[in-house]
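**Student:** Chains as they are written, first to last, in this note's numbering: chain R, 1 to 627; chain B, 1001 to 1341.
Certain hints may be false.
[Claimed, not checked] The calculated lysine to any residue pairs, modelled on SDA-like cross-linking and capped at a C-alpha distance of 25 Å, are:
1. 318/R to 234/R
2. 281/R to 1024/B
3. 281/R to 1119/B
4. 1295/B to 543/R
5. 1333/B to 619/R
6. 234/R to 1133/B
7. 234/R to 57/R
8. 315/R to 336/R
9. 281/R to 1337/B
10. 624/R to 1092/B
11. 281/R to 1046/B
12. 224/R to 446/R
13. 281/R to 1112/B
Quick caveat, the hints were computed from the structure, so don't treat them as lab data.
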Amino acid sequence: MFQTQQKVIANRYPAWKYLLLVVVTVIGLIYAMPNLFGDDPAVQVSPAKSVTFDEDTRQQIDQILTQANLAVKSSEFAEGRFLIRFDNTEDQLKAKSLLKDALGRSAVVALNLAPATPEFLRAMGAQPMYLGLDLRGGVHFLMDVDMDAAVEKAYLRYEDEVKGALRENKVRYLSADYENEQLLVKFRDVDSMQAGQKVLQNQFGEELKAVANQETATPLVALKLSPSSIAETKKFALQQNITTLRNRINELGVAEPVIQQQGERRIVVQLPGVQDTARAKEILGATATLEFRLVEERGDPYRAEETGYAPHGAKLYKFRDGTPLLLQRSVIVSGENVINAQSGIDPEQGSAMVNVTLDGAGGRKMLATTKKNVGNRMAVVYIENRVETIEQNGEKLKKRITTKDVINAAVIRGQFANRFQITGLDSPQEAQDLALLLRAGALAAPMEIVEERTVGPSLGQENIDQGFMSVIVGFILVLIVMVWRYKTFGMVANLALTLNLVIIVAVLSMLQATLTLPGIAGIVLTVGMAVDANVLIFERIREELKNSSIQTAIYAGYEKAFVTIADANITTLLAAIVLFSFGTGPIKGFAITLSIGILTSMFTAILGTRAIINLMYGNKRVEKLSI
Amino acid sequence: MSETTMEKQINFMGQRHLAMALSLLMIVGSFVGLWMKGLNFGIDFTGGTLIEVAYPQAVDLKEVRSDLANAGYDEAVAQHFGSATDVLIRIAPREGLNSAQLSNQVMDALKASTENGIELRRVEFVGPQVGDELTEDGALAVLYALIGVLIYVALRFEWRFSVGSVAALIHDVIITLGVFAWTQVQFDLTVLAAILAVIGYSLNDTIVVFDRVRENFRTMREGEPVEVTNVAVNQMLARTIMTSLTTLLVLLALFFLGGEIIYGFALALIVGVVVGTYSSTYVASAVALMLGVSKEDLMKAPKEEGDKEAEEAELQRIFLEQEARREAREIAKAQRQNAEE
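Okay, chain B solo, but in the shape it has when bound (with noise of 0.2 Å):
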């Protein structure tokens, strides 16, 4: 079986360090980002206020700024949301003005310039301590899960895969990141809610490559581990594409047609699931590789079970196959004699 495959067999862990290298830069390039530009915070973090408003026709935005400056509101951001009837205003916490009493007299403020009337769309308002208590909760959130992965693969696997596979998470979390750092596409719940969801995506890649290493170690009598994996990843590949490509086409779909709001939403989930494809083989795999993950490794605990396991679905399948042989032929021997009645 082995042979047949390996041919044409992609040599993706021979790429390993190379791929480190790209990791490495993009982590960095990520950092950089994060550091020189930071994360463009929505309201839901930084408290404030966002009010949507929408113009019967196309509106100037000079006009829309200096009407919230005659009302007071110089430091007030103006700007079109999708379309150009539709402004988005966002005005930062003030101190002593931690009123919802804000969107009206902007209303008013807008509503005194226009003719036609304007129609209110959307308002949020958070204030400055619930945004500090949703950052932290988030902070939190994204923690935990990580620490549950940990938990979870460490069980299920092994420690080296249980870090590979952390190591991956993280790659794919501050990537992620650091594409929103450099966008500057704003950084609100529903992105934190999206990279969450990455997380789960990108470990449920790392995961099937995973289950096929192990499996791989365990029926596959020789081999290097680097042979095992890249074996593995090859046999996933089809399915990894496969996967990926059905998840980004709803995401596309999502990223174009689901509207402003979800637009940071999809393209969280975009850069993750493209990221934790690519992490769920270079990344996961190759730590685990590199911290010396074995054969022996992965059969200590159960390695007698493992090898009778492994003896007996060998067994299974070849009386399995037997039989389907046997009753071939007898399907076809009652086949024919219908046909010779």
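Chain R with its partners taken away, still in its complex shape (with noise of 0.2 Å):
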């Protein structure tokens, strides 16, 4: 008991919280450093899909930069893609072009800024703050998916199956429409209605509600997705369409791009560094389709893409990762056709497939043609199309652009209408990957930009410094103050307010939170703030001193404030979490910055203040504080 009490007053602290300061410290100090080496210009190739890197694309990728005589700052390969420095954009630019020309499709050619933390701060894992779009320029869309479409879509694509069902089962029926969030099957009378409403239960049992209505004029059956079956419609379309825009960003050749669902039916997209936002759109907003078609086994596919002539009656196609096919030019059956599409795993090979159901009039097209042609191959041909806006001759021509890939060329083993699999694919992610395509080029709900935020490089170079500007004036006019009130004291919170900066920074880096503007000036308001904890403390210890000792001061000044400090700092921290939970990009930075902020200065307002002061007076007879 003594023992405790004469710590107390002596008001020293025990060595394991300066050894917790010093290695917070010196933790900041290192977390934070990343910051001050700002980028180099960089341009990163990775792999298109399906396609993997190896030493033979290094030593292609190293011939091409060593001729064209650009001066490579360094390259890393990571991750399975490279990463080239250069020391000026200039080389920067020369080497994006010239790769993107000789690598082609196989590759995601793009600008990059590269962090300059040097090797050993790395190796640590110390890296810089991550920039919003605001601070680096780039676009911010905000895509929404016709989800009535997509389940709208998934109604005609039960229409046809249960059409079939009806007739398999010899039941007789007038009509089956879509209509109103329901597919209303109509019959003459009520015995066949009633034996469809059985057939159709049975059949589709799970997936729709089969509800008989006797009342109308025609007897008729209403069918209804269930909830859940819905929300699956939904989930996939949202999946569809992200896959898509993956892809299709791939030809942007953009760095960093995010693509992320929000809410249950939105997706952000974000592409840092991109300026030319009327190709974005034009890029995110084309359409895709699908075609079947026969491969021309007869005639050489590589011979054909030498001489730029194909066989009669054939075309020339090319495999994502430029290999080349010869396909026969009439189309077997195309994306409109294409009713489902999903992966699965061969039961009898236990490789991964994909199965593909058509609607009536393409199964029949299919059975036509796999009657004559077992043993040969068939190839689907995902096809894109989208309009350009070229300037040529100083005038805007309006061009549109398709590319024509194949996805997938299989051997038909035998005879199939509107049933049939895929099989013989390398691993269930591929499958996956080829189920997706295909559900994109046939059945991808629509989707619009409903929300659009581009920054030039120029407005986000000077966010920055404006930025940085009122965080420094704001920091020094702060630091002013306190002296000016506090004298030593004020020091010793100017010293913890320094650390409480180094740290919120630190933190930042090291969460890879996104700093936004509106997340800067959360942290000049934290600076501001944040000596609120040592104005209370410090206001407390002159009120002490007026009839307590010195050491008793400053003890009873921070113990009696700290109740205080905790209960204000809660409140604040209140609202910053209901911030974060409503607000949308910005407005989440300002709310993380806030937080972080005034989680860091209790530590370094409190502690850190109290450790230094007890350095300085703890344990020592003192006639007169200077505060």
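Quick one: dock chain against chain with the hints and give me the complex.
**Tutor:** Quick look at the structure:
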């Protein structure tokens, strides 16, 4: 008892607290440091889908760059992609266009700003803060997926199957049409309606709810998707669109694109560094379709590629990695005929496969073709159409651009109609990708841009400069006021405030949280408010000094102010949390920096200042406090 | 202790009826502004397109407007933004033209009539439905923040304080909104964020005063609630001024140096901090007093404990003081011995 009391009056801190403070300071400095080094202009080369880079690619790239006499600052290969740094942007731009020409569509070549963090810091995982689009420039899109259309398409998909099932079971019906979020199947009489209801219940009971209605002029069965299958449909629609977007953005060549789901029906697309928003929108707004064609086995595709002439009746196509393939000119079935495509596991071979379902018309055509072509190969071509604006001789021309990729070519094993499997795929991942592409080409729900925010590069830099300037000026003003009012104690508080700023930057860098302009405002506000804890403590010490000894006053000042500080900060944190949960993008950034600032300021303003003040005054005879 | 400080006390609470009248006047004024002028909502809430372009040299807005009108955007609003070379164009959402292509067309129209080429600095397009959602989310955020505060303060203090602090917050929010209505500064998402931050800040202030009021109710043996509150406000006066001062300083730095985009944000916070500082004294405490907060209310639950705690704290303090003196004597003695040696 006596021991502890004595410690308290002596105003001394145990060694571990100093150790903690030193450790936190050192870690803070290390992780805040990468922000001082700036960026290198760089080119990032990542493989396109189903391509992996190897030693050959490296040699190819090296060769191209040395031939063009470009000074490479450094080149690294990590996570399957190359990052090549240059000394200046001129070389960077040259290298980009050279590599893009040479590697073609097998790679995504993008300009990037790579942080110039020294090796020893990178080894420790220290990275600079991640700047938001408002600071680095770029485009932010919010895409809205038309879920009503997606659900309607799901009904249309069933329409065909429902008709087929009724025909198979020899139930006569009048019509089956989509109307008002349900599928209405009309029958001539009550008997056939009841038979129909039974058939439909048996066949589609899991996905569709069949309700009979005899009150209407013609007896009918209303089919409604179950809530779970509606949810499933929406999830699918969103996923499909995300996949399509990802593929298209690869075309744009963006170094660090963000494509994220937001809520149930929205997709956020962020393209840092992209300035040509018109082109970005054109590419994102492309429409896709599919074609099933037979492979033309006579003729050499490689020769056709060389000469540019395809044999009669054939046309040259390419896989995504550039491998050529000759396909017959006539299309068997196109995207409109595809009802569904789902990945799964082949029960016989245990390998990955995709189940494809066609509609009635497509099934008939497929049957006619496959009858005659067992043993031949059939290919799926993925076609994307978009309109691009191109400037030619000062005039703007709208040009229709079509890209056609073979996404699969498989041997026809036997005749089939509207249901078939594409087997022999290498991995479940490949099957999933193929299924997604098939669906994207056939049934993607339409998307619309509902929000766009573009920030030009000069504005981004200006935002950084202005933000930085206001932090510095605000910070210095606070330092001056604190010294003016609290003398030595004010200096101590300033030390803590500086440490606080370092820790905030370090935490933001460690979390890789996005720093936005409002985020900087949050930091500025934190600087202003962080001294509140010290103000509370110091004013309390002054008050206590009036009727107690110096050591007691210091002790009491800290102890009594603590509850108040805690209360006050918790309430501010409460507001920050509400902000975080309701805000979007930039507002979230403000909430994050504010919350981090509040938490770190508690540490530096209470523990930090106390440690220094104990060191200065603790266990000493002090005549007068400089406060 | 109380005698010495009592002398130079400013009778804040004595003026509370006058302050009430002032607050009411400001609130009525804000409502009038909101009713007559309304808020100048940004496209975050209304939907529409905003385009910021930079010209190589100062540009006449009339030309820009006629360019826009020629391209078919008669209703587009063009104004200078920050400098004479920067122009901000706002286009309201149009029926059937909910397309993000709009910004491209506008840029084409403007580029056509300038020789030196203009730079696109910023485009913001918000679809009407997103705007509606943001409005709804924003209103909900403010509501939830207030409810959260109500609960926290009621748990931590007492319901009268809780009502007092929420009254102060509503007071602050209304007056800040009023200033935005009268000045017609654009109200966008960042301003909404600032208003939520004002709620946090003003509350911070209120809590600090309440904390002291509670402490004084426990330690001051006598005194009417009004007097006790007054002492607390006075004790916290230096702190209130200092913190508001530092916060205002950094906000002024933001206001003047942060650039146009952050301007509204900084303004909202400046107004909020000034009004919030005033309201934590006059609105929060005054409402708590009006509702009849008393010593007993705060002591009710932890009455025994509270007294004991206070007593113990007092004893502890006396003990510590004695120890400190003893130690000081010892140190002095040791030093004297050292000196003699």
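**Student:** Could you run down the list of hints and mark each one as holding or not?
**Tutor:** Verification of the hints:
1. 318/R to 234/R: Violated - the C-alpha atoms of residue 234/R and residue 318/R are around 32 Å apart, more than 25 Å.
2. 281/R to 1024/B: Since the Cα atoms of residue 281/R and residue 1024/B sit roughly 51 Å apart, the hinted pair is violated (cutoff 25 Å).
3. 281/R to 1119/B: holds, 18 Å
4. 1295/B to 543/R: Status holds; Cα separation ~23 Å.
5. 1333/B to 619/R: Holds: residue 1333/B and residue 619/R sit about 14 Å apart, inside 25 Å.
6. 234/R to 1133/B: Holds. Residue 234/R to residue 1133/B sits at ~20 Å (cutoff 25 Å).
7. 234/R to 57/R: violated, 40 Å
8. 315/R to 336/R: holds, 22 Å
9. 281/R to 1337/B: violated, 86 Å
10. 624/R to 1092/B: The hint is violated at about 66 Å.
11. 281/R to 1046/B: holds, 23 Å
12. 224/R to 446/R: Satisfied, since the Cα-Cα distance of roughly 22 Å is no more than 25 Å.
13. 281/R to 1112/B: Holds: residue 281/R and residue 1112/B sit about 21 Å apart, inside 25 Å.
Checked against the numbered hints listed earlier, the structure breaks hints 1, 2, 7, 9, 10; every other hint is satisfied.
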